[in-house]
Amino acid sequence: MRKVSRLSRFNIASLAFGLAFLYLPILILVIYSFNDSRLVTVWGGWSLRWYREFFNDRAMIEAAWMSLRVAVAAATIATLLGTLAAVALSRGERFRGRTLFSGMLYAPLVMPEVITGLSLLLLFVALNAERGFWTVTFAHTTLTMCFVAVVVQSRLGSLDRSLEEAAMDLGCNPVRAFVAVTLPLIAPAIVAGWMLAFTLSLDDLVIASFTTGPGSATLPIRIYSEVRLGVKPEINAICTLVIALIAVVIVIASLASKLSSSQGESAAPL
Amino acid sequence: MSARRIFARPARFAAIAPYVWMVLFFLVPFAFVLKISLSQTAIAQPPYEPVFDVTAGWGALKAAFAALSLDNFKLLGSDDIYVYAYLRSLTVAVTATALLLLIGYPIAYGMARLPKRWQAVAMVLVIVPFWTSFLIRIYAWINILQHDGLLNQILLALHLVSQPVVWLSTDSAMYIGIVYSYLPFMILPLYATLAKMEPALEEAASDLGAPPWQVFWLVTFPLSLPGVGAGVLLCFIPIVGEFVIPDLLAGSNSLMIGQTLWLEFFTNKDWPVASAAAIVLLVVLLVPLLLYERLQKRQLEQGR
Amino acid sequence: MTDELPRTDAAVDAAGDVRPAAGQPLLRIEGVAKTFGSFRAVDGVSLDIKAGEFFALLGPSGCGKTTLLRMLAGFEAPDEGRILLGGKDIAQALPHERPINMMFQSYALFPHLSVRDNIAFGLKRAGMARADIATRVSEMVALVKLEGLEKRKPDQLSGGQRQRVALARALARRPQLLLLDEPLAALDKKLRESTQGELMELQRRLGMTFIIVTHDQEEAMTMASRIGVMKAGRLDQVASPRELYEAPRSRWIAEFVGDINLFDAEFKLRDGHRLVIGTRDAGTLVVAEPREALGETRFSVAIRPEKVKLSRRAPVSEAGRETAINRLDGVIADICYLGGTTIYKVKLDTGGMLQASVVNSARLDVDAYSLNQNVVAWFTPDDCVVLPS
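Protein chains in written order, with my numbering: chain E, 1 to 270; chain G, 1001 to 1304; chain W, 2001 to 2389.
Just so you know, these hints were derived from the structure itself, not from any lab. One should not assume that every hint holds.
[Claimed, not checked] Simulated coverage check for chain E against chain W, where a stretch passes if three residues somewhere in it have a Cβ under 8 Å from a Cβ of chain W:
{"id": "1", "segment": "166 to 176"}
{"id": "2", "segment": "180 to 188"}
{"id": "3", "segment": "208 to 214"}
[Said to hold, decoys possible] Below, computed lysine-lysine pairings styled on DSSO-like, alpha-carbon distance capped at 30 Å:
{"id": "4", "chain 1": "W", "residue 1": "K2189", "chain 2": "W", "residue 2": "K2151"}
{"id": "5", "chain 1": "G", "residue 1": "K1196", "chain 2": "W", "residue 2": "K2153"}
{"id": "6", "chain 1": "W", "residue 1": "K2151", "chain 2": "W", "residue 2": "K2124"}
{"id": "7", "chain 1": "W", "residue 1": "K2151", "chain 2": "G", "residue 2": "K1116"}
{"id": "8", "chain 1": "W", "residue 1": "K2347", "chain 2": "W", "residue 2": "K2268"}
{"id": "9", "chain 1": "W", "residue 1": "K2153", "chain 2": "W", "residue 2": "K2190"}
{"id": "10", "chain 1": "W", "residue 1": "K2124", "chain 2": "W", "residue 2": "K2153"}
{"id": "11", "chain 1": "W", "residue 1": "K2153", "chain 2": "G", "residue 2": "K1116"}
{"id": "12", "chain 1": "W", "residue 1": "K2050", "chain 2": "W", "residue 2": "K2231"}
Just so you know, even glycine gets a beta-carbon here, dropped at the ideal spot from N, CA and C.
Start from the sequences, fold in the hints, and give me the full structure.
Shown next, in the form of structure tokens:
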């Protein structure tokens, strides 16, 4: 006898509604990016016209390139620092300043971006730093390393501690035990953390607006100033490209984490 | 000394680099915000001690003290624009969080009741939109909500309205945008607690004679409260300081605090007032932030 | 599988230590104590273990047996006392510096490594040559009968196979001492019984010293040559299984190990090597004089249920020795049929309850007693154990 289904009609309806709500707007945007008509809302047949337009838009391309460079650099530094922070928090037991440390790491997760952005700008001004690529990168690193730390820490927390003990019992000192056993097991979470950092950086408008300098706008800053002037079909095309890029990153990363570990539970990307 | 302690020593070294980084790029900047927010004309007695420029001796310190002023905060308190902006931010955040809970709970509940293998799929489906750009998702809604956008076309075609409805630059559009953007943040913590819940608990409740709504209200909901708390904080705090969504979707006659801060900073170039606005915003959010902090810590440090 | 086996006795291990031959003292634990916060988990334990022994630490959960084991492995350092292995104090040595290996309760198999790499893990750390590692691994795989599964990952193995990998991994380094933390707890009953036999055989063939931690007294009795019973951080009794069962040192151990009938008793008079005692629940009994003199006049008397015989009438007594047999009249109050044996609860006329375990030697129930039937329960003075209360 099969168990009575726990899924009621109400459950199914709310799931269907939720997924439709989440996906339809994006789907519509993607479809309209292939619309030949200049009027965003009138269907004029399939076309790649707006993609051509985008690739001829020097300013947009430059912004996109800037965003990509920032995202890769910030995600990489953030993954390094965030992983170190996660290791310290989940394996460091008690140490001086631990409460402050974890506080500093969790607060940016929910801190309104206007505050983070403003405060970082004031720091850069006080340091007399030239605003541009590096200031945005450092700002994004600060924000995204906290997300990396949370993702990696939750994986470390769910890891059986006796695995590390077994490694030590079999002749590893603590550092080698970490490298030989812990690191491979948290690798999927580290990869997920990098992806998350990458997309968060690619996405950010507010912090980048505060911390960037003249002449080095990121893609979201450009898109934002265009959107404020009204809907343009070219923006649909750019957005579709960004979505495609992120989709590719997600697929590659999830394949990588599948390959790197055949064990059932892999880290959730959040 | 124990095994954990053996492991802890090298682990603590790992803290050094991220610690230094966060102090430099997260903690120190707040000191600057505080300093700038107090720096203007000189009338007031400073209740704050500027800890960062103590290098120049007592005289300089005194001068720095004298230069500090609470004018910006007085301005924030006396000018209706700012007071309204704070009130509006809180109202919007409360309303939007309530909407999110109302919409997110059934979805999370539905996910938790799916067969195990489908749960993983549903979770990915909920997370993926979160990965696609925030700005893009708001922009997608501008597409749909504009004057001759899809929503109005459908409404007209169904003869539900006789002429296009104005959606953009209204509060409804803003709430749609906020709910849309923050929904995954509400669903995921709710789902996490609901999925961990033992199915036998609900079965036991109905076995003991509770009708379905009582099963939900007396067993399921109380047990999901940690998830509700996490979801509410995860949405409420950033929504209070939200800038992009109200800026693009809501009307410009009443602003949220994130918008006024932005305006003061970028348009009026009044950094001290913007800093003071940030400090007040931070103070408003202090309690929910601390609550969130505690929740996050408990979740991550005491295992599952 | 009795032919060529990896030999360890008198071998020289990777660290160059010469091992004590079987029967020689190997491990000495001296006054070891460990406190967690205000909880004294291990409270002054001293114990000697000889090479080649199969020793079991038995006790209820929270008695400190796992903490003691973890101190031997090096995962906890004792607050007091010394741990001497082959004469060297290792109490403060780190886990990877000890010639001791452990088999974890959760097995702690590395999920990202194959069976082969799990077993080779410790050998690589010891800097063994590649070819030697390969030989040793295949030796170990054969030893635990896992041929053909070398390339599998732990999650592609059954519970029993995982247990074998964990064992092979811990044995691969040929430790002077193997610690097993509840090694069979995760297996089902049938598999557990067959694995017990295999572990014992393995230990005998390898001539290795095993210390096992368990809360299951049957498991400890089956496998170990000596058992240390722990209670509240202290070693209550260290003895062979038989001695532990037949001559428990305390009332607590008597109750913890197996079933037992216990009566509060008072000394009445001495009759040669017999003591005549009075009990409230079972009347006057004659018991053998305990080996150690009792300081008090109040104590407990214990009789194992299988020592109690039942009959419909009083047993025919040997002439002149009638007084030497304890006879108690009663009625059958409860019957618990277990297959091989039946447990009868007898309500004694004197007021108490007495359990008797009777072997069902006949298939038909001609010998069986029925509820409310009058019976005589009897046992000899030597079947009784006198314990301090």
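Structure-based check of all given hints:
With 9 residues having a Cβ less than 8 Å from any Cβ of chain W, the segment 166 to 176 of chain E passes the three-residue criterion, so the hint holds. With 4 residues having a beta carbon nearer than 8 Å to a beta carbon of chain W, the segment 180 to 188 of chain E meets the requirement of three or more and the stated coverage holds. Note: the segment 208 to 214 of chain E has 0 residues with beta-carbon separation from chain W under 8 Å; the three-residue rule is not met and the coverage is violated. Taking the CA atoms of K2189/W and K2151/W, the gap is near 28 Å; set against the 30 Å cutoff, the hint holds.
For the hint pairing K1196/G with K2153/W, the CA-to-CA distance comes to about 27 Å; that is within 30 Å, so the pair holds. Annotation: proposed proximity of K2151/W to K2124/W holds, straight-line Cα distance about 17 Å (limit 30 Å). Our distance criterion of 30 Å between C-alpha atoms is met by K2151/W and K1116/G, whose separation comes to about 29 Å. For the hint linking K2347/W to K2268/W, the alpha-carbon distance of about 24 Å falls within 30 Å, and the restraint holds.
Distance hint between K2153/W and K2190/W is fulfilled; the C-alpha atoms sit about 25 Å from each other, no more than 30 Å. For the hint linking K2124/W to K2153/W, the alpha-carbon distance of about 19 Å falls within 30 Å, and the restraint holds. This hinted pair checks out: K2153/W and K1116/G have alpha carbons roughly 23 Å apart, not beyond 30 Å. At most 30 Å may separate the alpha-carbon atoms for a hinted pair to count; K2050/W and K2231/W meet this at roughly 23 Å.
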